[in-house]
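**Student:** The chain contents come next:
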Amino acid sequence: MGSTRAEGIQAGRLAPADYEANFSDIHAPLSRHEAFVESERCYFCHDAPCQTACPTSIDIPLFIREIASGNDLGAAETILSANILGGMCARVCPTETLCEEACVREHAEGKPVKIGLLQRHATDRLMESGKQPFKRAASTGKKVAVVGGGPAGLSCAHKLAELGHEVTIYEAKDKLGGLNEFGIAAYKSTDNFAQREVDFILSIGGITVKAGHALGHNLDIAKLRQSYDAVFVGTGLAGVNKLGLAGEETLSGVVDAVKYIAELRQAKDLAKLPVGRNVVVIGGGMTAVDVAVQSKKLGAESVTIVYRRGQGEMKASAYEQHLAQTSGVTIRTFAQPAGLVGANGKVTGVIFDETEVKGGKLTASGGQYTLPADMVFTAIGQIFVPDGLNGADALALESGRIVVDAERRTSVKHIWAGGDCIAGGQDLTVAAVEDGKQAALSIHHTLMGA
Amino acid sequence: MADLRNNFLGIKSPNPFWLASAPPTDRLVNVTRAFKAGWGGVVWKTLGDGDPIVNVSGPRYGAIHGSDRRLIGLNNIELITDRPLEINLQEIKQVKRDWPDRAVVVSLMVPCEEPNWKAILARVEETGCDGVELNFGCPHGMSERGMGAAVGQVPEYIEMVARWCKAHTRMPVIVKLTPNITDIRFPARAAKKGGADAVSLINTISSIMSVDLDQMSPWPVVDGQGTHGGYCGPAVKPIALNMVAEIGRDTETRGLPISAIGGVTTWKDAADFIALGAGNVQVCTAAMTYGFKIVEEMKSGLSKFMDEKGYQTTEDFRGLALPKVTDWQYLNLNYVVKASIDQDLCISCGRCHQVCEDTSHQAITNMVDGKRKFVVKDEECVGCNLCAITCPVQDCITMVPQTKGTDPRTGFEYGRPYANWTTHPNNPGSKAAE
Numbered sequence: 001m002g003s004t005r006a007e008g009i010q011a012g013r014l015a016p017a018d019y020e021a022n023f024s025d026i027h028a029p030l031s032r033h034e035a036f037v038e039s040e041r042c043y044f045c046h047d048a049p050c051q052t053a054c055p056t057s058i059d060i061p062l063f064i065r066e067i068a069s070g071n072d073l074g075a076a077e078t079i080l081s082a083n084i085l086g087g088m089c090a091r092v093c094p095t096e097t098l099c100e101e102a103c104v105r106e107h108a109e110g111k112p113v114k115i116g117l118l119q120r121h122a123t124d125r126l127m128e129s130g131k132q133p134f135k136r137a138a139s140t141g142k143k144v145a146v147v148g149g150g151p152a153g154l155s156c157a158h159k160l161a162e163l164g165h166e167v168t169i170y171e172a173k174d175k176l177g178g179l180n181e182f183g184i185a186a187y188k189s190t191d192n193f194a195q196r197e198v199d200f201i202l203s204i205g206g207i208t209v210k211a212g213h214a215l216g217h218n219l220d221i222a223k224l225r226q227s228y229d230a231v232f233v234g235t236g237l238a239g240v241n242k243l244g245l246a247g248e249e250t251l252s253g254v255v256d257a258v259k260y261i262a263e264l265r266q267a268k269d270l271a272k273l274p275v276g277r278n279v280v281v282i283g284g285g286m287t288a289v290d291v292a293v294q295s296k297k298l299g300a301e302s303v304t305i306v307y308r309r310g311q312g313e314m315k316a317s318a319y320e321q322h323l324a325q326t327s328g329v330t331i332r333t334f335a336q337p338a339g340l341v342g343a344n345g346k347v348t349g350v351i352f353d354e355t356e357v358k359g360g361k362l363t364a365s366g367g368q369y370t371l372p373a374d375m376v377f378t379a380i381g382q383i384f385v386p387d388g389l390n391g392a393d394a395l396a397l398e399s400g401r402i403v404v405d406a407e408r409r410t411s412v413k414h415i416w417a418g419g420d421c422i423a424g425g426q427d428l429t430v431a432a433v434e435d436g437k438q439a440a441l442s443i444h445h446t447l448m449g450a
Numbered sequence: 451m452a453d454l455r456n457n458f459l460g461i462k463s464p465n466p467f468w469l470a471s472a473p474p475t476d477r478l479v480n481v482t483r484a485f486k487a488g489w490g491g492v493v494w495k496t497l498g499d500g501d502p503i504v505n506v507s508g509p510r511y512g513a514i515h516g517s518d519r520r521l522i523g524l525n526n527i528e529l530i531t532d533r534p535l536e537i538n539l540q541e542i543k544q545v546k547r548d549w550p551d552r553a554v555v556v557s558l559m560v561p562c563e564e565p566n567w568k569a570i571l572a573r574v575e576e577t578g579c580d581g582v583e584l585n586f587g588c589p590h591g592m593s594e595r596g597m598g599a600a601v602g603q604v605p606e607y608i609e610m611v612a613r614w615c616k617a618h619t620r621m622p623v624i625v626k627l628t629p630n631i632t633d634i635r636f637p638a639r640a641a642k643k644g645g646a647d648a649v650s651l652i653n654t655i656s657s658i659m660s661v662d663l664d665q666m667s668p669w670p671v672v673d674g675q676g677t678h679g680g681y682c683g684p685a686v687k688p689i690a691l692n693m694v695a696e697i698g699r700d701t702e703t704r705g706l707p708i709s710a711i712g713g714v715t716t717w718k719d720a721a722d723f724i725a726l727g728a729g730n731v732q733v734c735t736a737a738m739t740y741g742f743k744i745v746e747e748m749k750s751g752l753s754k755f756m757d758e759k760g761y762q763t764t765e766d767f768r769g770l771a772l773p774k775v776t777d778w779q780y781l782n783l784n785y786v787v788k789a790s791i792d793q794d795l796c797i798s799c800g801r802c803h804q805v806c807e808d809t810s811h812q813a814i815t816n817m818v819d820g821k822r823k824f825v826v827k828d829e830e831c832v833g834c835n836l837c838a839i840t841c842p843v844q845d846c847i848t849m850v851p852q853t854k855g856t857d858p859r860t861g862f863e864y865g866r867p868y869a870n871w872t873t874h875p876n877n878p879g880s881k882a883a884e
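From first to last, the protein sequence lines stand for chains Y and L.
Counting in our numbering, the first sequence runs from 1 upward without gaps.
Counting in our numbering, the second sequence runs from 451 upward without gaps.
Hints are computed from structural coordinates only; laboratory data are not their basis.
All C-beta atoms, glycine included, are put in the ideal place defined by N, C-alpha and C.
One should not assume that every hint holds.
Claimed, not checked - Dumping the calculated EDC-like pairs for lysine to aspartate or glutamate here, alpha-carbon to alpha-carbon at most 16 Å:
#1 L:K718 with L:E758
#2 L:K821 with Y:D47
#3 L:K823 with L:D792
#4 Y:K188 with Y:D124
#5 L:K823 with Y:D47
#6 Y:K143 with Y:E162
Stated by the list, open to error - Taking CB as the label site, the calculated pair distances span:
#7 Y:R309 with L:G751: 50 to 58 Å
#8 L:D794 with Y:D191: 52 to 60 Å
#9 Y:D25 with L:H515: 40 to 48 Å
#10 Y:S31 with L:R595: 54 to 62 Å
Given the sequences, and given the hints that come with them, work out the whole structure.
**Tutor:** Take a look at the structure:
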């Protein structure tokens with residue numbers, strides 16, 4: 001048995017029960033009683049600000065009223081008709097900056113209606129019932145390829161299937177779900193929820209899944225265009241930014257946070273997943289917080305997030321930062337990595353330049369410090385990899401991501417795109433779901449001439 | 451310092467809060483607990499003669515709830531006391547001996563024959579209780595046997611029985627009225643004619659609470675069936691207030707003492723009834739929802755109110771609102787209010803806009819200069835109050851009387867002198883001078 005103080009990168013730092021406790025549901029679902037009490041707090045607002053704030057425009061006052069009147073399945077149908085991944089969004093949406101921030105009771109009392117938890121309550125009841133509330137329309141005879149089986153692709157596929165089209169999802173990995181399966185922090189999606197939701201979505205029928213297919217490898221977009229009436233690209237962000245420091249590729253212990261989280265999510269036994277004693281995370285977004293908190297939960301003794309600007313500029317929400325800090329993670333700001341320190345091929349520390357904002361620009365302020373580290377996670381942003389989209393059918397890109405219009409049409413006819421791979425996106429699950437839905441509607445209109 | 455002591459028909463109690471004849475006053479142990487908790491008096495649960503009645507052993511109560519399962523309406527199918535008369539009489543005697551400063555009135559219901567009433571009155575009088583209340587109101591069960599509401603719905607019976615009771619006892623006689631009639635003034639007049647010292651009202655309202663849609667039966671379900679029961683609680687208070695006021699305004703019953711019953715839950719409810727002329731109040735549902743301790747809030751709230759207003763006793767404000775209860779035709783048609791939304795208190799839920807737009811006069815904006823904002827349009831507002839009562843924030847929307855300028859809705863000047871329908875030119879029966 002290891003311990004939090006064991007040197008280096010070690011597995012099994014905790015007792016088995018600790019792993020179970022640490023990775024249990026971060027927000028326990030509402031009991032039936034709690035759901036009733038909470039649902040009755042909703043004022044059923046006119047032109048409800050919560051609904052406006054929701055990227056998928058879920059009719060929140062209506063579904064909460066349905067819960068209050070004992071109609072949980074009706075509530076779930078209201079949610080899922082706007083957002084087929086309403087169950088996952090209930091778990092991972094930053095509600096504190098979306099619907100719940102807009103809730104008039106946040107304005108009135110600083111205590112918004114717990115919309116996320118109510119959404120989870122309703123969708124959980126539907127999942128338990130095993131029912132698929134949506135029926136497919138009569139077959140249109142049209143075939144659509146969806147590339148990428150993450151939230152955008154799943155949302156697009158479900159809506160297309162519902163509208164009567166035949167859909168094939170091409171997924172690079174062996175499982176569908178995208179970041180829901182490989183990226184979300186484990187304590188936000190327990191009990192294999194991502195796969196259960198995928199199964200629920202596929203249960204509508206009319207969707208064929210082809211795993212192990214990736215653009216630029218064994219998938220060709222030009223051929224897809226020839227074989228299908230329309231193509232939707234929702235491949236997400238396959239690459240990550242690099243620190244650009246010596247040793248990044250050679251020193252062991254310097255790890256890409258995205259890859260590590262994916263391993264964690266797929267790990268059958270977390271006690272076998274090694275983690276450092278002194279962990280340093282570089283970055284300020286959700287990935288940084290997710291990897292930091294999970295490292296702590298795996299038994300790392302000290303975990304420090306270092307971000308080059310202030311806490312207010314961190315992409316992770318105030319709630320996520322709070323979660324990190326209450327989980328025992330230290331957040332240090334205004335410092336950027338200047339070098340990696342290593343010994344015997346292993347990383348032993350990170351040198352940071354202190355920074356400041358001068359004339360609106362971030363510059364090194366002259367100070368420097370070194371944090372000891374046996375594990376360094378890089379979480380400084382993911383990037384779109386346009387593999388397989390080059391050549392004759394090259395899609396127009398902007399800031400390295402695919403350009404789409406309001407209907408999520410790309411620059412190439414009959415190709416739509418959505419999710420994190422498009423330019424101007426919010427990098428949120430819920431936004432990806434909306435992209436998929438809007439693209440599906442646009443595809444439908446285009447193919448059917450309606 | 452307010453003096454809450456109450457004198458109703460010469461029956462003295464330390465405060466005007468009595469527990470109504472109902473399950474809370476069925477037995478010594480409950481009544482003793484009530485008096486320890488501070489209740490001013492009780493009306494003992496209705497006694498009958500002959501063999502004790504039998505209650506159902508299935509559910510006796512049903513309810514409707516507001517948000518957070520706050521009970522707002524209660525219904526029951528319990529009958530009068532199901533304990534032997536002798537035991538009740540012994541306990542009443544003991545309670546009165548143990549608590550001489552509290553009011554103990556006994557509710558009675560026996561078949562509509564003079565000897566029955568005469569006999570039970572004699573026995574009740576022996577307990578040393580302070581008075582009797584004739585239960586002419588119970589709408590379920592007993593009414594099928596020619597008692598309760600079956601008597602209360604026939605003014606001639608009320609008068610007759612009241613007269614018998616006055617003839618056969620020296621105790622004050624209170625007649626409890628059923629609201630299951632079309633005009634409360636007729637039974638009240640009958641009670642007065644029969645010599646009753648007071649009326650108490652309202653008894654419960656005939657009701658079916660809901661339907662069990664699985665069993666397709668009225669709920670609460672007693673082995674696959676249900677029946678109508680007596681409805682009470684906060685939801686019935688407005689009905690009771692009106693009936694109390696009607697009796698107070700009626701030329702024939704004006705001044706008849708009233709013990710008011712119907713949804714009294716807080717001090718404010720009691721003050722409302724007293725302001726409309728009630729001498730005291732009786733409470734049941736609130737106690738059955740929250741327990742006896744609520745009387746503490748009632749006493750303290752009523753005292754504070756009286757202190758603030760400078761009333762020494764409840765007599766000082768009893769009936770003060772009664773002269774203001776008038777017929778619609780005498781309301782001032784030149785009085786104009788406009789809704790006003792306090793933008794600092796507004797939380798922008800938009801419900802005022804929604805209801806005004808959908809169901810009233812389209813008099814509230816939802817957008818001002820491209821921003822979500824709710825402002826009253828005086829040119830459309832008829833002052834109906836719908837927005838104010840819909841708003842979830844207290845005092846955010848107020849109805850402001852208009853006194854200066856012109857009403858943009860009607861073009862009339864504000865502040866025109868009082869004028870009512872009786873003199874309005876549109877009234878075919880107008881008494882306006884030529």
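**Student:** Each of the hints needs a verdict: does it hold here or not?
**Tutor:** Going through the hints against the structure:
no., hint, result
1, L:K718 with L:E758, "holds, 14 Å"
2, L:K821 with Y:D47, "holds, 12 Å"
3, L:K823 with L:D792, "holds, 11 Å"
4, Y:K188 with Y:D124, "holds, 14 Å"
5, L:K823 with Y:D47, "holds, 11 Å"
6, Y:K143 with Y:E162, "holds, 13 Å"
7, Y:R309 with L:G751: 50 to 58 Å, "holds, 56 Å"
8, L:D794 with Y:D191: 52 to 60 Å, "violated, 46 Å"
9, Y:D25 with L:H515: 40 to 48 Å, "violated, 30 Å"
10, Y:S31 with L:R595: 54 to 62 Å, "violated, 46 Å"
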